[in-house]
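Protein chains in written order, with the numbering used here: chain C, 1 to 501; chain R, 502 to 603.
Wrong hints could be hidden among the right ones.
Said to hold, decoys possible - Derived SDA-like pairs (lysine to any residue); straight-line CA-CA distance at most 25 angstroms:
1) K371/C - L556/R
2) K201/C - L556/R
3) K554/R - L220/C
Treat the hints as calculated values from the structure; they're not laboratory data. Predicted model only: the values in this text are computed from it and were never measured.
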Amino acid sequence: MEPLKTIRPELLTMSEEQIRVLMPYFVVFGGAIVAMLGSVLKKLSPKWPVFIITLATLFAGVWVSIGLIPEGPVTLFNGMMAADSFSNFFNTVFLLAAALSVMVSFRYLDREGLQLPEYNVLILFSVLGMMLLASALDFIVLFIALELMSLAVYVLVGFRRADRRSNEAAMKYFILGSAASAVLLYGTALLYGCTGTTAIKGVVHLAQAEPAAVTPVFVLGVAMVVFGFLFKVAAAPFHMWMPDVYEGAPVPVTGFMTTGLKAAAFAAFFRVFINLGLAQGATEVVQRHFHDIFWVCAVLTMVIGNFVALTQTNLKRMLAYSSIAHTGYLLVGFVTGTRSELGFAAGTMYVVAYAIMNLGAFAVLTLLSGKDDSGLNLHDLSGLSRRHPILAFALSVFLLSMAGIPPTAGFAAKYLLFSSAVQAGEISLVVIAVLCSAVSVYYYLRVLVYMYMHEPIGSPQTLRVSIWAGVAVAAMVVLTLQVGLIPERMVNIAKKAVIGM
Amino acid sequence: MHQIEPWVVLSFCSIIFFIGFTGVLIRRNILVILMSIELMLNAVNLTFVTFSKQLNHLGGQMSVFFIITVAAAESAVGLGLVIAMFRTLRSVDTDEIQILRE
Numbered sequence: 001m002e003p004l005k006t007i008r009p010e011l012l013t014m015s016e017e018q019i020r021v022l023m024p025y026f027v028v029f030g031g032a033i034v035a036m037l038g039s040v041l042k043k044l045s046p047k048w049p050v051f052i053i054t055l056a057t058l059f060a061g062v063w064v065s066i067g068l069i070p071e072g073p074v075t076l077f078n079g080m081m082a083a084d085s086f087s088n089f090f091n092t093v094f095l096l097a098a099a100l101s102v103m104v105s106f107r108y109l110d111r112e113g114l115q116l117p118e119y120n121v122l123i124l125f126s127v128l129g130m131m132l133l134a135s136a137l138d139f140i141v142l143f144i145a146l147e148l149m150s151l152a153v154y155v156l157v158g159f160r161r162a163d164r165r166s167n168e169a170a171m172k173y174f175i176l177g178s179a180a181s182a183v184l185l186y187g188t189a190l191l192y193g194c195t196g197t198t199a200i201k202g203v204v205h206l207a208q209a210e211p212a213a214v215t216p217v218f219v220l221g222v223a224m225v226v227f228g229f230l231f232k233v234a235a236a237p238f239h240m241w242m243p244d245v246y247e248g249a250p251v252p253v254t255g256f257m258t259t260g261l262k263a264a265a266f267a268a269f270f271r272v273f274i275n276l277g278l279a280q281g282a283t284e285v286v287q288r289h290f291h292d293i294f295w296v297c298a299v300l301t302m303v304i305g306n307f308v309a310l311t312q313t314n315l316k317r318m319l320a321y322s323s324i325a326h327t328g329y330l331l332v333g334f335v336t337g338t339r340s341e342l343g344f345a346a347g348t349m350y351v352v353a354y355a356i357m358n359l360g361a362f363a364v365l366t367l368l369s370g371k372d373d374s375g376l377n378l379h380d381l382s383g384l385s386r387r388h389p390i391l392a393f394a395l396s397v398f399l400l401s402m403a404g405i406p407p408t409a410g411f412a413a414k415y416l417l418f419s420s421a422v423q424a425g426e427i428s429l430v431v432i433a434v435l436c437s438a439v440s441v442y443y444y445l446r447v448l449v450y451m452y453m454h455e456p457i458g459s460p461q462t463l464r465v466s467i468w469a470g471v472a473v474a475a476m477v478v479l480t481l482q483v484g485l486i487p488e489r490m491v492n493i494a495k496k497a498v499i500g501m
Numbered sequence: 502m503h504q505i506e507p508w509v510v511l512s513f514c515s516i517i518f519f520i521g522f523t524g525v526l527i528r529r530n531i532l533v534i535l536m537s538i539e540l541m542l543n544a545v546n547l548t549f550v551t552f553s554k555q556l557n558h559l560g561g562q563m564s565v566f567f568i569i570t571v572a573a574a575e576s577a578v579g580l581g582l583v584i585a586m587f588r589t590l591r592s593v594d595t596d597e598i599q600i601l602r603e
């Protein structure tokens with residue numbers, strides 16, 4: 001065993017620059033701790049203070065992260081973590097997703113009798129996990145970030161404690177998620193055994209320098225890491241339990257999960273594979289193997305997600321399947337991304353567009369849902385355009401964006417993704433993706449037909465939209481249209497983020 | 502002193518890991534499933550330690566500390582969820598928690 005010779009002093013101190021680039025993490029961590037302390041002030045009714053602290057933390061984090069996007073890469077903690085434009089770009093996405101979820105769920109929690117401050121604290125901790133996940137450079141850091149994010153979300157899924165469906169969803173998600181983490185970890189252990197390091201770059205460089213290191217055990221290790229990730233992003237054939245989880249979770253949590261969690265898992269995935277993709281030589285073996293795996297996974301995910309969504313009559317479950325379908329499109333970005341830089345930029349752009357429109361759709365769903373998440377069947381939406389024209393318009397914008405109809409963010413992102421896939425020579429994959437996308441138009445437009453062309457059923461109930469939720473939905477509509485009309489800016493930021501890694 | 506070959510330990514770990522994985526897939530009692538997950542994580546720990554010894558590198562043993570901590574947090578959350586579920590469902594059998602449509 002190698003003795004600990006000397007402790008290098010530069011590892012014990014942090015330069016000012018390092019502290020500066022760590023600010024987003026400090027802000028969120030500090031906010032989470034303060035919110036947790038605030039939540040024990042039983043006498044003061046911690047509802048408002050914790051809500052305000054959470055929102056302030058998240059927006060402060062957004063502000064700091066946006067400011068750090070143009071900065072060059074800084075490696076932290078002896079190469080365990082990187083703060084670069086890529087991580088700050090994704091931090092902004094996670095923090096915005098969390099802020100919007102918190103804003104939308106305030107009235108929802110009141111209505112469901114769940115106004116517990118733990119909700120906001122758990123969201124803050126899971127966001128911290130996501131941020132670390134997007135900046136991890138070491139498989140162990142990656143695992144800890146993944147667990148920090150997942151453990152908080154397991155509890156959030158089961159937040160409606162008295163509801164059997166919520167409990168069931170939490171339990172299923174917990175078992176699935178922990179098994180996936182264990183598989184990922186075993187893959188890490190095998191890679192460590194082959195290369196003697198747990199650093200992502202170290203593993204890749206060793207495989208590149210010594211082709212002999214690419215043994216069957218190494219390939220098995222990479223495969224297990226990949227399968228662990230595919231579980232996390234709910235790609236077919238590992239999607240079986242995810243619709244149940246999305247259906248059983250409280251609506252705002254489903255929105256948070258399908259955007260934040262997915263974006264975080266994809267961010268880590270992108271980082272690992274950009275490193276793999278940049279390495280030549282021995283990793284070509286790995287690339288060849290994994291190209292086929294991703295190809296099959298992408299096709300399966302798109303086909304299953306879209307075709308099963310066709311038969312759903314519950315809006316929440318339909319969006320759950322549509323979320324799986326969108327994972328499929330993102331995997332297209334993966335297949336092509338290993339060969340072109342633009343592939344990953346297109347994928348990154350798609351993550352953002354998807355986050356915007358999906359959060360918006362779930363925000364509207366949260367406002368429309370009745371007690372215990374009821375009232376989300378298609379016929380419940382009949383004549384919504386007359387009862388609540390503004391919400392009906394907002395939901396239409398989000399659904400059209402998901403279907404990929406111009407001038408929305410979904411169209412711009414899909415166009416970029418598919419055209420970069422064509423450039424990479426994946427014609428058959430793009431054809432399948434476009435066909436699946438065409439199928440998806442049917443179930444998205446069906447909702448619009450119910451909202452605009454059917455007569456209202458029953459007595460019109462009044463919807464109470466809080467200011468917070470109203471602002472959140474309006475912001476999402478504006479962003480969807482803005483990214484759709486002027487995509488260049490977002491594309492440039494996404495490109496810079498991917499290159500600046 | 503007689504030393505155990507690393508490959509013996511490593512194959513042992515992989516067997517334990519797959520016993521755990523199979524347990525998660527086929528067992529019906531949630532508590533047994535939780536134990537299976539722990540089994541998988543501990544197989545990973547043992548793998549890390551073996552490789553650490555074999556490679557003469559401390560990183561693997563450091564990883565084990567983190568994994569043990571995370572595994573403890575995970576089982577705490579898992580048992581909490583089991584209790585919440587038992588309160589509403591009065592069962593820890595996965596066959597009886599199939600309300601959500603397949």
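Checked hints:
1. K371/C - L556/R: violated (58 angstroms)
2. K201/C - L556/R: Within the cut-off at roughly 19 angstroms; holds.
3. K554/R - L220/C: Satisfied, since the Cα-Cα distance of roughly 21 angstroms is no more than 25 angstroms.
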